[in-house]
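Trainee: Listed below are the residues making up each chain.
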Amino acid sequence: MAVLPGPGAGLFSQGILEAVLATEGLAIRRGGRVVFSGLSLRARPGEALLLLGPNGAGKSTLLRALAGLLRPAAGRVLWEGEDVADDSAAHGTRTRYLGHQDAIKPALTPREDLAFWARLRGGEPEAALAALGLSALAGLPCRSLSAGQRRRLALARLALGDAPLWLLDEPTLGLDTASVARLGALLAAHRARGGIVLAATHLPLPLPDAREVAL
Amino acid sequence: MIAVFLRELRLALRHPAEALAAVLFFVIVCALFPFGVGPSPDALARLAPGALVTAALLAALLPLDRLFAAEAEDGSLDLLLTAGLPPAGLAAAKAAAHWAVTGLPLLLAAPVSAALLALPTDAWGVAILALGLSSLILSLLGTLGAALTLGARRGGVLLPLLVLPLAVPVVIFAAGAIEAAAGGAEARPFLLLLGAFLAGALPLAPLAAGAALREG
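Heads up: the protein sequence lines correspond to chains A and B, in order. The numbering of the first sequence is the working numbering, which starts it at 2 and goes up by one. The numbering of the second sequence is the working numbering, which starts it at 38 and goes up by one.
Since the hints were made in silico from the structure, they are not lab data. Source: prediction; values computed, not measured. Note that the Cβ used here is the ideal one computed from N, Cα and C, for glycine as well. Where hints are given, some of them may not hold.
Residues from chain A that face chain B, not an exhaustive set, calculated with beta carbons under 8 angstroms [said to hold, decoys possible]:
1) Ala-68
2) Gly-93
3) Lys-106
4) Ala-108
5) Thr-110
6) Arg-120
7) Leu-121
8) Arg-122
Chain B regions said to be covered by chain A (calculated; three or more residues, Cβ under 8 angstroms) [as the list claims (entries may be wrong)]:
9) 44-57
10) 120-134
Examples of chain B residues toward chain A, derived with CB under 8 angstroms [said to hold, decoys possible]:
11) Ala-40
12) Ala-80
13) Asp-111
14) Ser-113
15) Asp-115
16) Leu-116
All chains should be modelled from the sequences, with the hints used to inform the complete structure.
Mentor: Set out below in structure tokens:
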């Protein structure tokens with residue numbers, strides 16, 4: 002995966018760096034109902050897109066479609082000009098998806114959980130634990146974690162490896178202010194590496210100069 | 038794939054009750070037969086091959102409805118499917134873990150069940166071999182069934198209705214092998230047919246399960 006040098010807002014405004022993530026006329030149908038259609042958006046390296054809209058507007062659905070978990074009824078999702086459906090394994094490698102649910106097994110400890118995902122996707126579990134302030138809880142079974150701590154563990158998986166595309170569904174749900182600040186540092190570092198963030202949220206996110214997309 | 042397999046084993050070791058439940062189910066079903074048909078060894082030995090195979094397959098079905106449903110409920114499946122792992126590889130790892138956690142303990146319990154059913158001891162070796170092959174096939178077919186019924190309401194009821202008809206040849210050949218061994222005949226042809234069935238299911242079931250997961 003290409004890791005681009007620091008973003009530099011000037012470069013983007015001149016359009017020197019092309020959009021790497023784009024959708025063309027995307028339409029999603031769920032249970033016979035069209036959630037949205039004709040959606041075209043683009044994101045350049047280092048850019049953050051904030052998906053806004055009322056409940057049921059299709060924010061989570063859009064994130065799942067971008068992650069390759071939903072097949073669009075029409076239109077395409079493009080990465081560097083190529084349809085992501087053509088090579089879903091490669092798209093998976095470049096994507097980190099954070100859903101509503103934390104995907105945590107109660108019987109495993111945070112360290113074991115991150116070690117498993119690190120084996121699949123690379124990265125350093127201990128550094129990821131430290132990035133979200135979970136080092137002290139790393140040996141406890143996840144069933145004893147609070148909702149906010151579980152959310153932090155789910156977020157810590159983002160810090161594993163350096164996938165260029167982060168898709169975050171309500172990332173700050175249940176987080177305290179200190180953890181939101183830690184997430185902010187993680188997001189800033191990701192964008193400085195040239196990573197793209199798409200986040201759906203109703204809460205203020207630590208994403209300076211994010212572009213807002215209304216659904 | 039190996040990482041997924043090892044995680045399944047670790048989770049199973051933390052919650053041994055599920056694997057244990059399948060084994061106990063297998064032994065208890067076999068223990069019920071002497072009560073039903075009477076303790077005469079001749080009558081029991083006549084029933085033993087079929088009863089052994091059927092009980093083992095039903096026991097192996099027990100944990101299958103949670104195979105993907107548990108992952109889907111807590112959101113893990115979304116992450117596994119976007120981890121750059123081919124869905125067929127994920128299904129293969131799941132099938133292998135199901136066999137290691139359910140099929141293998143069933144084989145260890147097979148001598149107990151065989152004794153309860155008064156199966157002649159000469160046939161025990163073939164019985165374990167036949168049960169080993171048929172439990173492998175069932176793990177593969179069951180993974181396919183679990184992937185297909187994922188998200189269906191009452192998927193747990195649908196799963197056996199889908200998988201058990203496919204398992205009919207397995208029951209025929211496995212029981213045939215055990216019966217042949219108990220009667221002093223050649224069990225090899227039956228075992229080879231089971232092996233052929235396994236060779237077919239080994240690549241096809243994970244591929245089909247992977248396709249079902251991707252669509253789900």
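Trainee: Can you list which hints this structure breaks, lowest number first?
Mentor: Violated: hints 5 and 12.
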